[in-house]
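There are 2 protein chains.
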Amino acid sequence: GTEQIGGFGALIDLKKAGFTDPLLVLGMDGVGTKLEIASEVGNFSSLGYDLVGMCVNDVLCHGAAPIAFLDYYVTGKLKKEEAAEVICGIAKACKEVGAALVGGETAEMPGVYSPKQWDLAGCCIAAKEREWPTLPEFDNIRIDDVIIGIASNGLHSNGFSLVRKIFKESGITFDKPTPWNANITFGDELLRPTKLYVKPLLQLVTSNQIKALSHITGGGLLENVPRILPQTLSAEIDCKKLHILEVFKWLQKAGDIEAKEMFRTFNCGIGMVAVLDPSKASFVLAEIEKAGIHAYEIGKICKKSESGKSIKLQNIEDVFDFGDTGIVVQKRANVAV
Amino acid sequence: GTEQIGGFGALIDLKKAGFTDPLLVLGMDGVGTKLEIASEVGNFSSLGYDLVGMCVNDVLCHGAAPIAFLDYYVTGKLKKEEAAEVICGIAKACKEVGAALVGGETAEMPGVYSPKQWDLAGCCIAAKEREWPTLPEFDNIRIDDVIIGIASNGLHSNGFSLVRKIFKESGITFDKPTPWNANITFGDELLRPTKLYVKPLLQLVTSNQIKALSHITGGGLLENVPRILPQTLSAEIDCKKLHILEVFKWLQKAGDIEAKEMFRTFNCGIGMVAVLDPSKASFVLAEIEKAGIHAYEIGKICKKSESGKSIKLQNIEDVFDFGDTGIVVQKRANVAV
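Chains as they are written, first to last, in the numbering used here: chain A, 27 to 363; chain B, 27 to 363.
Since the hints were derived computationally from the structure, they do not count as laboratory data.
Nothing here was measured: the structure is a model prediction, and the numbers come from that model.
Keep in mind that the hints are not guaranteed to be accurate.
Note that the list lumps identical chains together, so a pair holds whenever it fits in one copy or between two copies.
To be verified - Heads up, simulated DSS-like pairs for lysine-lysine below, C-alpha to C-alpha not over 27 Å straight-line:
no. : residue 1 : residue 2
1   : 338       : 306
2   : 103       : 142
3   : 118       : 335
4   : 225       : 191
5   : 142       : 191
6   : 306       : 202
7   : 329       : 191
8   : 338       : 121
9   : 142       : 194
10  : 194       : 335
11  : 106       : 191
12  : 330       : 221
13  : 225       : 105
14  : 103       : 286
15  : 105       : 142
16  : 279       : 338
17  : 279       : 42
18  : 103       : 41
19  : 286       : 221
20  : 142       : 118
21  : 329       : 225
Using the sequences plus the hints, can you model the full thing?
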């Protein structure tokens, strides 16, 4: 449904794209300070993928299918190889989610940006049929609805200011292997691309299996889950049930970060949270697992208590435990090298 | 037709917005190095207006009406007053063209950006009814069609790398009054906001008065006019007819810039070029003038000569003449202070 129509813009025919009565959902985002890590490591391949991921996972939370993507790539001095790596990542991710990469703006701004400096932002145009559910379905969320956690692929694109601080203070370099897997470096681990949830989740959304989706970005579970709940209800999540990825356990120890801060900064292993009717949980979990992504129950919807909190993380203090992971952190300046 | 639906994105109902069978036209752009001037002058009010202008004037060239806008505002350290000034400019321009400012991303990226550094990009979602003409109408442009020039408001958002070089070399500061108007400073002149052409031109486009529109941005008349012409035709523009704004005359003298370079870098006073049937010229010109914007014939469409050039600028060497403007430039380091 997409056509290039000369230099000034791109044309999208929503009917040709299969929509009969579409509403548009729009999302814009950047990749944040993750790109500083990419620059230091010299790996520009995953950032484009991250950029698309940040945007399409957002519009998915409103029940929309990505149809087109535009990017803004800016630098002080355009290096074609690096730009190509970035754009390739964007194109690859767009293809995976069925969005047309309809162009955007590549800007060389000497003076404003230093030659090595660059940035990346993107805009996703998504559409949903009017008859599809519009998520979050605030009026439809009930006490005892199930909350499921859908696995992330690592840090995705959030929390990197804190990550950089931790690495700077510990003196660890990105080329060192991680203590939990000698075959990958910290650089590899930190630059893992953002998981794209469109394929495994969109069909479940349009077929009314899911009442709400929350993309766990900056602010973590603590700030993103309350955004999808009605005023009177609260999310109760049992941290013991969470499969915290090793990298988050390591960051917590290395940075000596409070558990609450961890859940306010990182996704901690949960890239997306879904709210659904208990009767649908087993089907939905099985479908997501079929798509190769781990998904599991992590809590339920409750009446909001007098304290008025929209989210309660139970057993939060027990969760960061290195007991059986083999990671021992002796002192801060000396961790895991 | 626009609704905020929680934190992850914005919802747009094209039917409520008045469209029955819409096609989408998308445009993304930045403001380029003009923002360096804004930072130096400390005036952040016009940049948002420029950003919207760059995007909506682009989608207008395809005959589409802006319906929504998203912005990406990034800095090393968020200063609320400056951000507010920028966003206000964006909102004001959106209101003027009838687009909903549906959000976007405000990013604080310490480390990646220095505290004083910032950037601005935006994405415009526009729509056109399927039955509206899709510009440029390559198959409909004929020999002897009229080319009209529609006045710009100054530099708009292009050519600022060269502007900064000229000011740096001449040693002139932005707080000095311009030689052609003692009531405004160079800073005021350079930061004039981009003219928005949606209101005066959209109605003319949808009522089939105009065959093609070219937004004169980076590349000037020389590079932007050929983009709207079919392979076999060429644009003949008589430079003697152009109303070159004083600021461009001054820049040409101060920087000792070749006329051709001027027309490849700046809009030189023409913000938009339209191609139309000769029979419609007087009506179209009158309508644009009614909207308070100067518009006039600058050339016509011709058969492409053997040289294969898509644009010919006649009388190019006579055009930058300070004879009767009172601007005398004695030597480069000493101009017009």
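Hint by hint, here is what the structure shows:
| no. | hint | verdict |
| --- | --- | --- |
| 1 | 338 to 306 | within (23 Å within a copy, 68 Å between copies) |
| 2 | 103 to 142 | both (7 Å within a copy, 20 Å between copies) |
| 3 | 118 to 335 | neither (40 Å within a copy, 37 Å between copies) |
| 4 | 225 to 191 | neither (35 Å within a copy, 50 Å between copies) |
| 5 | 142 to 191 | both (21 Å within a copy, 21 Å between copies) |
| 6 | 306 to 202 | neither (44 Å within a copy, 70 Å between copies) |
| 7 | 329 to 191 | neither (39 Å within a copy, 64 Å between copies) |
| 8 | 338 to 121 | neither (38 Å within a copy, 41 Å between copies) |
| 9 | 142 to 194 | both (20 Å within a copy, 23 Å between copies) |
| 10 | 194 to 335 | neither (35 Å within a copy, 57 Å between copies) |
| 11 | 106 to 191 | between (30 Å within a copy, 25 Å between copies) |
| 12 | 330 to 221 | neither (31 Å within a copy, 52 Å between copies) |
| 13 | 225 to 105 | neither (33 Å within a copy, 39 Å between copies) |
| 14 | 103 to 286 | between (41 Å within a copy, 25 Å between copies) |
| 15 | 105 to 142 | both (9 Å within a copy, 25 Å between copies) |
| 16 | 279 to 338 | within (23 Å within a copy, 68 Å between copies) |
| 17 | 279 to 42 | neither (52 Å within a copy, 53 Å between copies) |
| 18 | 103 to 41 | neither (40 Å within a copy, 44 Å between copies) |
| 19 | 286 to 221 | within (24 Å within a copy, 50 Å between copies) |
| 20 | 142 to 118 | within (24 Å within a copy, 34 Å between copies) |
| 21 | 329 to 225 | neither (32 Å within a copy, 51 Å between copies) |
Checked against the numbered hints given earlier, the structure breaks hints 3, 4, 6, 7, 8, 10, 12, 13, 17, 18, 21 and satisfies all the rest.
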